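With the hints as your guide, set chains B and C onto chain A.
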Amino acid sequence: MAMIEVDKLNLSFGEGAEANQVLHDVCFDVGDGEAFGLVGESGSGKTTVLRCLAGQYSHWSGSLAINSERLGRKLDKARCRKLQMVFQDPYGSLHPRHTVETALSEPLAIHGITDASRRIDSILTKVGLPTNFRYRYPHQLSGGQRQRVAIARALILEPRILLLDEPTSALDVSVQAEILNLLADLRKQEGLTYLLVTHDLGVVAHLCDRVAVMQQGRIVDLIESASLVGAVPEHPYTRMLVEASRHYSREMAEVGADLTPAEAV
Amino acid sequence: MMNQTNQPLLQVEDLRVSFTSGGALVDAVRGVSFSLGREKLAIVGESGSGKSTVGRTLLRLHPKSARITASKMQFGDIDLATCSEKTMQSIRGQRMSMIMQDPKYSLNPVMRVGDQIAEAYLAHHKVARAEANQRALAMLEAVRIRDPQRVFRMYPHEVSGGMGQRIMIAMMLITEPEVVIADEPTSALDVSVRLQVLATLDDLVSKRGLGLIFISHDLNLVRSFCDRVLVMYAGRVVESIAASDLDNAKHPYTQGLLASLPSVDQRRERLPVLQRDPAWLTQPIGA
Amino acid sequence: MTTTTLPAAACEQTPQSSAQALRQNLARNLRKLVRNPLSVAGLVVIGALLLLAAFAPWIATHDPLAQDLANTLKAPDAAHWFGTDEYGRDIFSRLVYGSRITLYIISLVTVIVGPVGLAIGVISGYFGGWVDTVFMRITDIFISFPGLVLALAFVAALGPGLDHAVIAIALTAWPPIARLARAETLSLRKADYIVAVQLQGASATRILLRHVAPMCLSSVVVRLTMNMAGIILTAAGLGFLGLGAQPPVPEWGAMISAGRRYMLECWWLVAMPGAAIMFASLAFNLFGDGMRDVLDPRSE
Chain A
1 MAMIEVDKLN LSFGEGAEAN QVLHDVCFDV GDGEAFGLVG ESGSGKTTVL
51 RCLAGQYSHW SGSLAINSER LGRKLDKARC RKLQMVFQDP YGSLHPRHTV
101 ETALSEPLAI HGITDASRRI DSILTKVGLP TNFRYRYPHQ LSGGQRQRVA
151 IARALILEPR ILLLDEPTSA LDVSVQAEIL NLLADLRKQE GLTYLLVTHD
201 LGVVAHLCDR VAVMQQGRIV DLIESASLVG AVPEHPYTRM LVEASRHYSR
251 EMAEVGADLT PAEAV
Chain B
1 MMNQTNQPLL QVEDLRVSFT SGGALVDAVR GVSFSLGREK LAIVGESGSG
51 KSTVGRTLLR LHPKSARITA SKMQFGDIDL ATCSEKTMQS IRGQRMSMIM
101 QDPKYSLNPV MRVGDQIAEA YLAHHKVARA EANQRALAML EAVRIRDPQR
151 VFRMYPHEVS GGMGQRIMIA MMLITEPEVV IADEPTSALD VSVRLQVLAT
201 LDDLVSKRGL GLIFISHDLN LVRSFCDRVL VMYAGRVVES IAASDLDNAK
251 HPYTQGLLAS LPSVDQRRER LPVLQRDPAW LTQPIGA
Chain C
1 MTTTTLPAAA CEQTPQSSAQ ALRQNLARNL RKLVRNPLSV AGLVVIGALL
51 LLAAFAPWIA THDPLAQDLA NTLKAPDAAH WFGTDEYGRD IFSRLVYGSR
101 ITLYIISLVT VIVGPVGLAI GVISGYFGGW VDTVFMRITD IFISFPGLVL
151 ALAFVAALGP GLDHAVIAIA LTAWPPIARL ARAETLSLRK ADYIVAVQLQ
201 GASATRILLR HVAPMCLSSV VVRLTMNMAG IILTAAGLGF LGLGAQPPVP
251 EWGAMISAGR RYMLECWWLV AMPGAAIMFA SLAFNLFGDG MRDVLDPRSE
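Protein chains in written order, with full-length UniProt numbering: chain A, 1 to 265; chain B, 1 to 287; chain C, 1 to 300.
Next up, chain A with everything else stripped away, as it sits in the complex (with noise of 0.2 angstroms):
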């Protein structure tokens, strides 16, 4: 069954001869517990399309489901308990006047939800952060740490679904591939869906059970990643993504000439 459906998606900006239209007729669907991956370069829509999802956006045309319900187009509080966020910048997440403690108790005062005490120490306890970090600052947190109490307020609400948007691509590599083995083990553990968006093709290969490749606000190929492994993609696109992130090499430098609009190089 689909978690989520996200059918002929269309968003342009602007009005008239000016309107730039950013996503072209966009089609997925992620099933329940499935992680999900949408890859491409800036500019190639794939934070739109989280974007729409989480209400951003309203001025969308097409259709998109969650739990086989139609969204609408104003962001609701029911939305809000079935799906959250993660964000890139793990400095710019958190409110930097806000201790660990407000930040995850705020979802839980909005939604009315009392015993916030206990349910702040077991969601610190499942991100993997001591308890006694609820009175911190995001200044006292490091980098790896800050992002693991934007997942533990992603968590709070208990959505079904998390949205990342390139949740390591700010990291260190050795802090990377914790966060990764966290997210691996929460949608294990919590049976969540994940709709990772990432530029790096290694992570979303780690964490996805299926990718999608987006170029110029549409979707251009759609692979399993188990397929992905010693092999080289039959399109142009995906395989000069998969061979960069191999290994640098002459001859991918003159694909990617090839593959990119003339006046981005």
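Please keep in mind that the hints were generated in silico from the structure rather than gathered at the bench.
It should be emphasised that the depicted structure is a prediction, and the values quoted were computed from it without experimental measurement.
It is possible that part of the hints are untrue.
Unchecked claim - Below, a list of computed lysine-lysine pairs in the DSBU-like style, where the Cα atoms sit at most 35 angstroms apart:
(1) A/K74 with C/K190
(2) A/K8 with C/K190
(3) B/K104 with C/K190
(4) A/K188 with C/K190
(5) B/K104 with B/K64
(6) A/K188 with A/K8
(7) A/K188 with A/K77
(8) B/K126 with B/K207
(9) A/K126 with A/K188
(10) B/K126 with B/K86
(11) B/K104 with C/K32
(12) B/K64 with C/K32
(13) B/K207 with B/K72
(14) B/K72 with B/K86
(15) A/K8 with A/K82
(16) C/K190 with A/K126
(17) B/K86 with B/K207
(18) A/K8 with A/K74
(19) C/K190 with A/K77
(20) A/K82 with C/K190
Just chains B and C now, kept in the frame of chain A:
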């Protein structure tokens, strides 16, 4: 790559840099030694390892609060540690130059890019403006910009990130330096553009026989792009290894970093997490 | 600078309760403030001013309103430290009591201007669109007049008097605060942590009150502190023009105004209140500078 001479371009021994921050002395670089020939030398490490500090210190671009000592920082016949600021100015940009991470912040926004490149040449050579412009155009062509005449007249905000980085490379290489320090030159770029910028850099470095110090956090990239790799941890070089030999790295830190990289070719349930050993902070290098 | 050490601030003991976390935060800010000697000097002068105002009856050597026609225009001496004015009133005592009026004006204006400016700025920055247009055009109108001229016009319409002066000054002082709060809000509006609370289902009121306003608060407080110097000067200016506090109230500006007829022979009539105005506004400026170093979110 050592096709011209085996004499190293740059020799650094026991470089130490510390900053005063909030009353406390913080050691950023703690005894780094290396030599650079006509090759592509990578310095890799995580944030805070001191890799960028090493690059900046070579050009003496560090903040005033930094304290620097080195038993040797030999660049040709000049000792970078002790030479005057005036000598430094004649080296900086002329014989040794630096490419930064983001061209957006390194290009002057109110000056046409062609003029900026020509200006860089004029700063170190007494030639007519027209000749400098000619050289700037040739340089734009050398970094494989398709329509150099048009790009010459553009302002920095009109060019894309990839083109901006090529322009930076053109500007840094027009004075024909002997050593180029590139600090994460492609981390702000998209994959396809990144490959092309790297190819440009690669061509120029081998064609002109430069020494390139490539500072990066990306082991995968460094492994295929550079000749030799210095792995830095907490201000020290824990391992110096040929790039092609990285799979046989000896130091547990290098091994741990490589293992923790997610890869398309290896499906793993969990990634091995780097276990830091306090002994890495003190044990002698190469142990 | 190494990956193995935590950020410097984390080296402090891990707080075990929210009160302790708050205390550590305050202590850190205080340490930063104390590090700058000029802002400490400002703080000392402001503190002295507060004490002066609070204990005026005990500090003043004479009754500030008592006329002594036998001792008019006396130069500073042991009996009258700062001399006497044309009615023989003790200038020192008048200055001491005058500090009450100055502080009254400052605090009243700040209490009006701070919340009003903050609210208008935050609302117009967060909602944007026509709300922003309406609020900002009003702000533009107010900002396009010189402060003193606008205040003059209001006092002229309302009639002279201390309270009317306060209202007039408040009317001219809020627009810069509103603009500042709006600019801060605009840069915060798209921040990930604001998007995160929106995604938690928070109402606009909640986001503005608990997430946006506290972030703007520090720069607004800094701006207000710096503005206090300007308020003192505007109040003195209105007093000088006879539109603020009315005689015989010992308002500093009014004292200069009354003294200027005898200025050439009796310098102390204008120099003493002039110095008081200068020191007070300088102190608020220095303190404001120090506050900016401490509270500016960009410095963290």
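Do the hints match the structure? See the list:
A distance of roughly 17 angstroms separates the Cα atoms of A/K74 and C/K190; the hinted pair therefore holds under the 35 angstroms criterion. Of the supplied pair hints, the one linking A/K8 and C/K190 holds, its CA atoms being roughly 27 angstroms apart against a limit of 35 angstroms. A hinted pair counts as satisfied when its Cα atoms are at most 35 angstroms apart, and B/K104 with C/K190 qualifies at roughly 21 angstroms. Taking the CA atoms of A/K188 and C/K190, the gap is about 32 angstroms. The hint holds against a cut of 35 angstroms.
Straight-line distance between C-alpha atoms of B/K104 and B/K64 comes to about 25 angstroms, which keeps the hinted pair within the 35 angstroms bound. About 30 angstroms separates the Cα atoms of A/K188 and A/K8, which keeps this hinted pair within 35 angstroms; it holds. About 26 angstroms separates the Cα atoms of A/K188 and A/K77, which keeps this hinted pair within 35 angstroms; it holds. The hinted pair formed by B/K126 and B/K207 meets the criterion: a straight-line CA distance of about 25 angstroms does not exceed 35 angstroms.
Under the criterion of a C-alpha separation no larger than 35 angstroms, the hint pairing A/K126 with A/K188 is consistent with the structure, at around 12 angstroms. Restraint check for B/K126 and B/K86: the C-alpha separation of about 18 angstroms stays at or below 35 angstroms, so the hint holds. Straight-line distance between C-alpha atoms of B/K104 and C/K32 comes to about 33 angstroms, which keeps the hinted pair within the 35 angstroms bound. Only pairs whose Cα atoms come within 35 angstroms are accepted, and B/K64 paired with C/K32 is accepted, the gap being roughly 21 angstroms.
Between B/K207 and B/K72 the CA atoms are separated by roughly 29 angstroms; this keeps the pair inside 35 angstroms, and the hint holds. A hinted pair counts as satisfied when its Cα atoms are at most 35 angstroms apart, and B/K72 with B/K86 qualifies at roughly 19 angstroms. At most 35 angstroms may separate the alpha-carbon atoms for a hinted pair to count; A/K8 and A/K82 meet this at roughly 22 angstroms. At roughly 29 angstroms between alpha-carbon atoms, C/K190 and A/K126 fall within 35 angstroms of each other, so this suggested pair holds.
Straight-line distance between C-alpha atoms of B/K86 and B/K207 comes to about 30 angstroms, which keeps the hinted pair within the 35 angstroms bound. About 19 angstroms separates the Cα atoms of A/K8 and A/K74, which keeps this hinted pair within 35 angstroms; it holds. Annotation: proposed proximity of C/K190 to A/K77 holds, straight-line Cα distance about 20 angstroms (limit 35 angstroms). Restraint check for A/K82 and C/K190: satisfied, since their Cα atoms lie roughly 22 angstroms apart, inside the 35 angstroms limit.
Going through the hint list in order, the structure satisfies each hint without exception.
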